[in-house]
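Trainee: For the record, the sequence lines run as chains Y and A.
Quick note on numbering: the working numbering labels position 221 of the first sequence as 221, and the sequence is numbered without any gaps.
Quick note on numbering: the working numbering labels position 24 of the second sequence as 24, and the sequence is numbered without any gaps.
It is worth saying that the hints were derived from the structure and are not from the lab.
Glycine is no exception: its CB is placed at the ideal position from the N, C-alpha and C atoms.
Any given hint could be a false lead.
Said to hold, decoys possible - Examples of chain Y residues toward chain A, derived with CB under 10 Å:
#, residue
1, Lys-379
2, Ala-383
3, Asp-386
4, Ala-387
5, Leu-391
6, His-395
7, Phe-397
8, Ala-398
Stated by the list, open to error - What follows is a list of derived Cβ distance ranges for each label pair:
#, chain 1, residue 1, chain 2, residue 2, range
9, Y, Lys-379, A, His-44, 18 to 28 Å
10, A, Ile-19, Y, Asp-115, 49 to 59 Å
11, A, Asn-3, Y, Gly-302, 54 to 64 Å
Stated by the list, open to error - Every beta carbon over 12 Å from chain A, so not counted as near; a handful from chain Y, in silico:
#, residue
12, Pro-113
13, Lys-151
14, Met-214
15, Ser-216
16, Glu-221
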Amino acid sequence: MLALKTYRHPVYPYVKPAELGGAQHHWPVIVAGAGPVGLVAAIDLAHRGIDVLVLDEDDTVSVGSRAICWSKRTLEILDRLGCGERLVQKGVGWNVGRVFLRDEPVYQFDLLPEDGHRRPAFINLQQYYVEQFLVERASELPDAELRWRHKVVGVTAQSDRVVVRVATQDGEYTLHCDWLIAADGSRSAIRTMLGLESEGQVFRDRFLIVDIHMRSDFPAERRFWFDPPFHRNQSALLHRQADNVWRVDFQLGWDADPEEEKKPERILPRLKAMLGDETQFDIEWASVYTFQCRRMPSFRHGRALFVGDAAHLVSPFGARGANGGIQDVDNLVWKLELVLKQLAPPTLLDSYDTERTLAADENILNSTRSTDFITPKSKTSRAFRDAVLMLAKRHPFARRLVNSGRLSVPATLSGSALNTVDSASFASRVQPGTPAVDAPVAGTGGAWLLDYLGEGFTLLIFAAQLPDSILQELEALAKQSIPCRTVVVGAPGAGSRGGVTRIADSSGSLAERYDGRPGTLYLFRPDQHVCARWRALDLLAVRTAIARAAGQHLH
Amino acid sequence: MLNVEPNIVSPDEFYEELIELHRGLSDEQSALVNAKLILLLANHIGDMDVLRAAMAAAREGQDASSTSTAASS
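Please model the complete structure; the sequences and the hints are all you need to start from.
Mentor: Given below as structure tokens:
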């Protein structure tokens, strides 16, 4: 199964651990699972100079293409971690989705209807490439260590540490860490070892996914069919991936036999019906799956933190699985850094649970709604679905009801206790809780706003001029125990000094997107989410908002 | 507010046309026509509070008789 035409799986070597020779090392953080989510966690930690060990029972990347749609937000997070560009270069960018009933287009959506963003709404890239690029990025960072064919077989959570038992071909050994990140997937062994559950529902439907290699001039867009002529009474989905590999997804129904449907003699006629007899293609990989929507009641259990599929699971319609998992990590790691450096109380990590369970619920809700539309559970549900599709051909209102998947958008953490409530009014879709919206800028640190945000706290100020006394205070802000850098938009000059960077709003879209009239300020958390904003600079208010976002009121 | 006071000028005429709408259709076709009718009217009304009140009034007195086909696990 590992022999793909277009991709050679790397084999990462097993190395006998020093611990088996008696060495002892205490890790601040251990990550269990080197899937996309675990790897991003390790990169983010190592990027912040935190020692991190990744344990994985396998020695290569994802066997099948699996997750293929990487959202704009994921790319922005990976840009911050120095590996977004590589994915974008290899992947296939797309913004438009098209929905067909039989062979007629009934609905289309553009996920990025405005210009002036560095990244597209999505790129499609096989999960094995993403994992490979992430492994390579992690290997560049001295503070990340990856151990292959090291299987976690025991976890004991204590009040001051986590004890992890690891099995290798040379025997078992024990590790200690301050924090354990469980990124070990939907069947998380760590979840089971700790006696925890993930609750939800299984949907009674089966889907065949097939990756095929073919040369085609189909456009790079998401195509979804209800009841197409080539696959009557079911749905089908087509995505373009890198290397002329195409993902086809066929709905099969609950009664389909998964073993039979995986056989080439069953798959080929389906593909020929879809693509025509004359189209040349090769099957790269196929799998039959069912899906579930579920989550753990809480993502934090003392010193064990659950991320990605281990914490929550959604149906694939909407690309909310891996993208949601990467946002988990984006949310968690800066908090973990503050707690490890004793700059924030451990209760700050409860906000990871609060913010990301809310996000998971939003993803599960959207995914469940799409599933109910794609896989109606009753005759009546089916009648409504078909009625919507029939009406959608002629009536605009019904097109908005067509649900072939509501694609991943980042969660807005509006009610978070880490936010500071607005004290003025703003005409902007960016608000406390939303991630930063990108815009083109001019400056020495990059051509996009997001190049200037993140890692630590960042204060964005729209100001034509700033007196020296204020500049000195802003420089002091960059030197406090939880540093906050400042980005000034609109002041003359460029460059950076003492934690204050000047940029220009080259197209005017920055001020437009942030309602950035002079004097306006936005405070961004290290994960680029807005946590406070004001119409006038008050340094005490800024310091208070930083302390609040760092959970210093959560003791 | 859902209006449950008489609002149709010729109720008998409306009722006759509603039944007539389904003439010659199988139960399955009728179910589809009804679904379309509900969707068209719901969009015309638009107001979510009114729609919720109508759905609640429609469901009144009907107890669930079977469980969902989604297996809980």
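Trainee: Mind listing which of the numbered hints don't hold for this structure, in increasing order?
Mentor: none
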